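Novice: Residue-level listing of the chains:
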Amino acid sequence: MFQPEYEAMDRGALERLQLERLNDMLTRVYGAVPMYRERFDAAGIAPRADSLEALADLPFTVKDDLRSAYPYGMFAVPLRDIVRVHSSSGTTGQVTVVGYTSGDIDRWSDLMARTLACAGATPDDVVQVTYGYGLFTGGLGVHYGAERLGCTTIPISGGNTKRQVQVLKDFGATVLACTPSYAVLIAETASEMGIDPRSLPLRAGVFGAEPWSENMRRQIEELFGITAIDIYGLSEVLGPGVASECSCQCGLHVNEDHFIIEIVDPATLRPVPDGERGEVVFTTLTKEGIPVLRYRTRDISRIVPGECACGRTFRRMERVSGRTDDMLIIRGVNVFPSQIEQVLAGIPGVAPHYQVVLTKRGSMDHVEVHVEVGPDVPFDEIKTLEALRTRVAAEIASALAVSIAVRLVEPKSIQRSEGKAQRVLDRRDEGSE
Amino acid sequence: MSSTGVTRGVSDPMIKQLTVFLENSPGRLAGLTRALGDAGVNMRALMVADTAEFGVVRIICDRPEVARAALEEAGFGVSVTDVLAVEVPDSPGGLADVLEVLGGIGVNVEYAYCYVEPGGTAAIDVFRVEDIARATDALRAANMRVLGPADVYAVGG
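Top line first, the protein sequences correspond to chains A and B.
Residue numbering for the first sequence is 1 to 433, as defined by the numbering used here.
Residue numbering for the second sequence is 434 to 590, as defined by the numbering used here.
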């Protein structure tokens with residue numbers, strides 16, 4: 001544990017600290033951010049919480065608020081106090097800009113050092129930071145945490161997969177940080193280069209920035225012979241470092257001394273009891289540059305009830321199972337692409353690369369899952385392929401409670417991603433098939 | 434493989450057939466054959482088996498390993514399968530004779546295709562069976578000509 005004085009804090013003391021920090025935060029945003037002041041004034045609410053439960057009556061912040069405030073409108077300090085800006089990846093619309101004070105960078109470094117320590121990293125480790133450096137928070141976020149922890153840090157950034165493999169091998173990296181789909185591509189590339197990924201000195205990986213499944217985790221662990229840790233964060237709240245799994249791999253500990261997590265029903269927006277699934281909402285407690293109150297992440301998760309064996313007292317959120325906006329409704333059934341991935345990872349003979357393709361057939365939406373035939377399938381016989389396709393379709397139907405057409409596609413024909421994998425391809429405006 | 438291979442009682446070298454998995458989309462077969470052409474590979478036989486969505490292309494050629502490398506380099510999924518090739522007289526009942534021998538020893542044929550050598554009087558029948566060694570023995574016992582790689586890879590073999 002990097003900061004046991006916080007990470008294993010007594011729950012009562014933690015909640016008192018949260019309430020104190022929350023009121024400080026409310027005072028700051030009311031005084032410095034016009035949008036929040038207007039919202040409180042319009043609703044006739046004082047910027048104050050008498051208890052943590054009272055947070056549920058305060059206004060939300062949504063992505064569009066940050067978009068409307070583009071670029072600096074939500075900053076709570078003058079620009080001269082901002083030492084760095086990052087921006088969201090823009091995968092879901094117009095980019096948003098976030099700013100950090102030197103205090104924010106300092107706290108962020110601590111939180112990412114906690115994250116890496118969660119994966120078992122120590123100053124003896126060599127961390128290859130394969131998240132992109134630049135406006136994206138991933139690269140620099142992990143970088144500062146690795147340096148804070150005292151690790152040897154390789155700022156290679158993303159891309160050039162063969163070089164990633166070469167550096168992993170030559171520099172003796174022991175910890176890899178990247179998106180899970182890119183980790184799979186690195187393993188495949190290593191094999192193509194004649195380097196057994198299991199022969200690399202890697203022993204742990206911190207993977208995040210996109211939803212992934214438990215089966216994909218097992219697959220990555222098997223491919224490299226490592227412990228794979230799920231990490232969570234988003235630029236609007238901080239970047240990576242909001243929550244992280246520990247070695248128990250049973251949910252992600254939320255850094256509750258800096259963030260309050262709520263799970264709300266996406267329809268009613270009221271908090272749900274611990275254990276129930278809903279949309280994740282975060283309030284920043286200590287962020288100075290751009291504090292956010294009850295930010296709706298659109299990520300779907302739940303609080304894992306109970307205590308964790310690792311000794312951390314921070315509550316855990318389950319790995320994100322999807323996004324409210326990625327959710328597909330297929331014949332009335334809610335489907336998240338991550339559920340399909342979970343099914344595929346359990347079937348030998350198919351690659352973990354897939355794409356859900358939406359097209360129009362006449363006036364009807366048609367959904368098809370494209371699945372790559374794995375390199376080891378003896379596809380000489382048509383019946384082998386038909387059996388594989390039938391099995392994939394049957395297992396998807398059984399897991400998702402809705403049947404979806406499955407198409408086998410050529411090995412390596414689905415575009416590989418060096419960042420976030422594009423799992424849903426919407427071709428409905430390209431005309432009928 | 435070994436220079437003294439005859440002493441170990443290993444079976445004859447197998448004929449290597451390439452199988453390529455193809456999506457049914459325009460230009461894929463052209464791309465495949467162009468990749469082979471550019472690599473200087475000469476095909477002896479090509480057979481396409483298709484379903485509504487995908488197909489498999491089976492190829493006998495002069496240099497299977499070169500062909501495999503070229504296709505993989507071009508991004509195709511390739512597997513290599515051992516097949517049985519038999520020379521049968523190009524006359525009525527030729528193929529039936531072969532199949533009756535195989536049926537007689539309970540060997541199931543997964544698929545088969547034939548081609549005729551240019552200017553030849555015999556047809557070459559290619560079979561995918563589970564137990565090539567047993568099939569080979571039975572066919573030879575019935576005085577049929579089972580071909581080896583050298584016979585099928587080269588033109589006029």
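To be clear, the hints were calculated from the coordinates, so they are not data collected in a lab.
Bear in mind the structure is a predicted one, so any value in this text is a computation, not a measurement.
A few of these clues could be false.
Unchecked claim - List time: in silico DSS-like cross-link candidates among lysine-lysine, alpha-carbon distance up to 27 Å:
| id | chain 1 | residue 1 | chain 2 | residue 2 |
| --- | --- | --- | --- | --- |
| 1 | A | LYS360 | A | LYS412 |
| 2 | B | LYS449 | A | LYS383 |
| 3 | A | LYS412 | A | LYS383 |
| 4 | B | LYS449 | A | LYS412 |
| 5 | A | LYS412 | A | LYS169 |
Novice: Would the pair LYS412(A) and LYS169(A) pass a check requiring their Cα atoms to be no farther apart than 27 Å?
Specialist: holds (24 Å)
Novice: Given the hinted pair LYS360(A) and LYS412(A), is their Cα-Cα distance within 27 Å?
Specialist: Distance ~25 Å between LYS360(A) and LYS412(A) Cα, so the pair holds.
Novice: Between LYS449(B) and LYS383(A), does the CA-CA distance stay at or below 27 Å?
Specialist: holds (20 Å)
Novice: Does the structure keep LYS449(B) and LYS412(A) at a Cα separation of 27 Å or less?
Specialist: holds (24 Å)
Novice: Regarding the pair LYS412(A) and LYS383(A), is the alpha-carbon distance no greater than 27 Å?
Specialist: The hint holds at about 22 Å.
In terms of the numbered hints stated before, the structure departs from none.
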